[in-house]
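Visitor: Single-letter residue listing:
There are 2 protein chains.
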Amino acid sequence: MRLILVGFGVVARSLTDILTVRKQELLERYGMHPRVVAIVDKGGSVLNPKGLDLDEVRRVKSEFGTVAETPEYGSKRTSAVAIIDEVDAEVVVEATPTNLETGEPGMTHIETALKAGRHVVTVNKGPLALALPALMEMAAYNCAYLRFSGTVGGGTPILDFGRKCLTSDKILSIEGILNGTTNYMLTEMDKLGLTFEEALKAAQEKGYAEANPALDVDGWDAAAKVTIMANWLTGREITLKDVSVKGIRDVKPADLKNAAKQGGAVKLIGRIGDGEDDISVAPTLVKRDDPICIGGTLNAVRFHSEFAGNEIIIGKGAGGPETASAVLRDLLEIRERMSVN
Amino acid sequence: MRLILVGFGVVARSLTDILTVRKQELLERYGMHPRVVAIVDKGGSVLNPKGLDLDEVRRVKSEFGTVAETPEYGSKRTSAVAIIDEVDAEVVVEATPTNLETGEPGMTHIETALKAGRHVVTVNKGPLALALPALMEMAAYNCAYLRFSGTVGGGTPILDFGRKCLTSDKILSIEGILNGTTNYMLTEMDKLGLTFEEALKAAQEKGYAEANPALDVDGWDAAAKVTIMANWLTGREITLKDVSVKGIRDVKPADLKNAAKQGGAVKLIGRIGDGEDDISVAPTLVKRDDPICIGGTLNAVRFHSEFAGNEIIIGKGAGGPETASAVLRDLLEIRERMSVN
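Chains C and P are the protein sequences, given in the same order. For any residue, its number in this note's numbering is found by taking its place in the first sequence, counting from 1, and adding 19. For any residue, its number in this note's numbering is found by taking its place in the second sequence, counting from 1, and adding 19.
Just so you know, the hints here were simulated from the structure itself, not pulled from any lab data. A portion of the hints provided could be inaccurate.
Straight-line distance between alpha carbons at most 20 Å, and here's what the computed PhoX-like set of lysine-lysine pairs gives [what the hints assert, rightly or not]: (1) P/K189 to P/K210; (2) P/K210 to P/K271; (3) P/K335 to C/K183; (4) P/K306 to C/K210; (5) C/K335 to P/K225; (6) C/K189 to P/K335.
Please take these sequences and the hints and turn them into a complete structure.
Guide: Right, here's the structure in full:
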């Protein structure tokens with residue numbers, strides 16, 4: 020299985036780590052022999068049809084900030100589109116940063132790969148939140164698989180759980196905490212009586228929140244995940260604009276005190292209800308004895324299914340190695356499906 | 020897909036409910052057309068190679084207490100072994116009561132079915148706890164599938180989660196609350212200061228505990244589940260005797276008070292650790308802010324995996340319709356595998 024990695028940030032680098040460490044085991048246990056034949060980052064690219072030396076590429080990346088400086092195979096050429104189109108490979112791993120306004124550059128990368136008949140594994144929520152129904156159709160039309168386990172829950176297999184473990188059942192509704200940053204902030208506000216601004220500063224100091232925290236605190240990251248779950252797990256064909264979104268900027272210490280008085284806490288809950296339009300992200304009162312009322316940066320999702328009842332899955336929602344393990348899961352699934360056909 | 024149901028208690032009856040209600044959907048969505056051709060209970064059997072009228076059989080069972088009274092196709096013949104051996108069917112659903120001393124009569128039913136080349140779906144923990152390694156070998160030898168999703172967590176897909184969602188990872192350890200009855204009792208002892216005896220009485224009044232509660236309170240039910248998980252999810256070949264088992268009989272109100280002082284609660288925890296022999300069930304102090312520290316009759320299991328980190332799954336651990344949904348999940352998996360080969 021030949022791979023092109025587009026974007027070489029924390030997740031993609033962790034993936035190359037895992038592929039190196041588990042090389043022998045992947046071969047023995049799954050008959051999988053992955054070769055990374057191209058990597059593109061902002062500064063350029065590196066290309067070797069026989070498979071790159073991943074240790075060397077990682078070393079170059081950490082020393083020079085770009086894979087372009089790799090001796091022999093490195094190049095300043097930065098056209099990911101051309102590389103996706105021209106380099107022979109079965110799978111493109113798209114791991115550029117999420118952009119929820121245009122979906123770019125991930126959108127173009129994914130479309131190019133699918134049109135070239137390449138399978139795609141992505142951890143980029145942007146293109147999916149903006150156009151998942153169209154991308155799924157494009158994948159089906161080109162007989163390619165599009166997989167994105169790492170976009171919801173990081174390494175926690177929330178999408179796989181819904182899809183594989185509840186296949187024989189019918190998911191009636193889904194709700195949960197999908198954003199670790201805001202959950203950390205709300206937990207701190209609750210415990211220490213902080214204001215929104217103080218909690219944001221604390222999250223930024225801990226490295227949980229970006230300098231521009233809008234994606235998290237205004238609810239858009241959670242809304243992107245809700246969009247992906249609604250498409251993948253409930254068969255709805257929706258995009259980000261179909262989600263009613265409210266972030267946590269207006270949550271006051273007094274709201275948390277009121278919630279506490281009622282035996283609960285305020286959590287940013289993403290929800291896919293029974294009704295066609297009942298899809299939202301909003302601060303919500305959750306009872307403390309509800310198992311999804313978790314603290315810190317964890318994610319927690321409850322599936323309400325017709326026959327098996329309520330099921331909850333809790334795990335870390337982010338992290339490089341964790342998310343990379345989700346990418347590997349997708350690659351293995353694609354490999355298995357390729358070998359069946 | 021032709022089915023023989025052995026045992027016609029709550030779970031098997033719920034299964035026939037689901038098969039009736041979802042008949043059309045199973046055909047359209049999965050191409051599955053299940054026909055129950057035989058049912059055996061303690062009083063006799065009912066047999067129709069063309070497929071039984073499940074509504075009628077359920078009605079007869081609830082009126083007369085046995086399917087033997089079904090007009091036309093009913094019979095006082097009670098030899099499940101002969102029926103498993105002689106009646107043409109692809110799958111035997113074994114749903115007789117759990118016996119952790121001899122595994123019977125389930126053990127003989129399962130062995131007979133596998134030797135006849137029939138796939139087996141069981142919700143009976145007895146044979147699995149006593150002989151899972153041997154039964155797996157027997158299934159492989161006879162090219163038959165042996166599945167048992169419903170034995171751990173009821174409808175909550177704990178085994179499937181471990182197997183399907185963490186395939187690409189390596190499970191390092193597993194721990195959790197696996198028995199709803201004892202969890203209810205410990206929750207009540209903690210909340211209301213009850214003694215063990217008082218909590219047992221409360222659980223019996225609620226219908227959570229059997230007249231003979233030994234299986235639950237002495238930890239054997241949890242130990243059977245631990246045995247099944249160790250075999251299925253961590254590749255160990257163990258049986259019930261390899262588990263160190265301690266129940267909750269000796270838990271005193273003072274222990275719970277001490278635990279509370281340390282910010283925790285006492286829970287009956289089943290555990291599969293890193294070491295070969297580190298497999299146990301015992302009352303254990305769990306911190307209150309640990310997501311597996313749940314109350315009531317719920318089950319909660321934490322998987323610690325090498326790459327994806329800690330993942331927790333929480334759900335109802337029992338219930339007729341829930342467990343029947345796990346049986347259906349197994350049937351669908353078998354159907355899918357049959358069609359691939």
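Visitor: Indicate, hint by hint, whether the structure satisfies it.
Guide: Going down the list of hints, with the structure as the test:
1. P/K189 to P/K210: It is violated: about 38 Å lies between the C-alpha atoms, which goes past 20 Å.
2. P/K210 to P/K271: holds (13 Å)
3. P/K335 to C/K183: holds (19 Å)
4. P/K306 to C/K210: holds (17 Å)
5. C/K335 to P/K225: violated (36 Å)
6. C/K189 to P/K335: Since the Cα atoms of C/K189 and P/K335 sit roughly 17 Å apart, the hinted pair holds (cutoff 20 Å).
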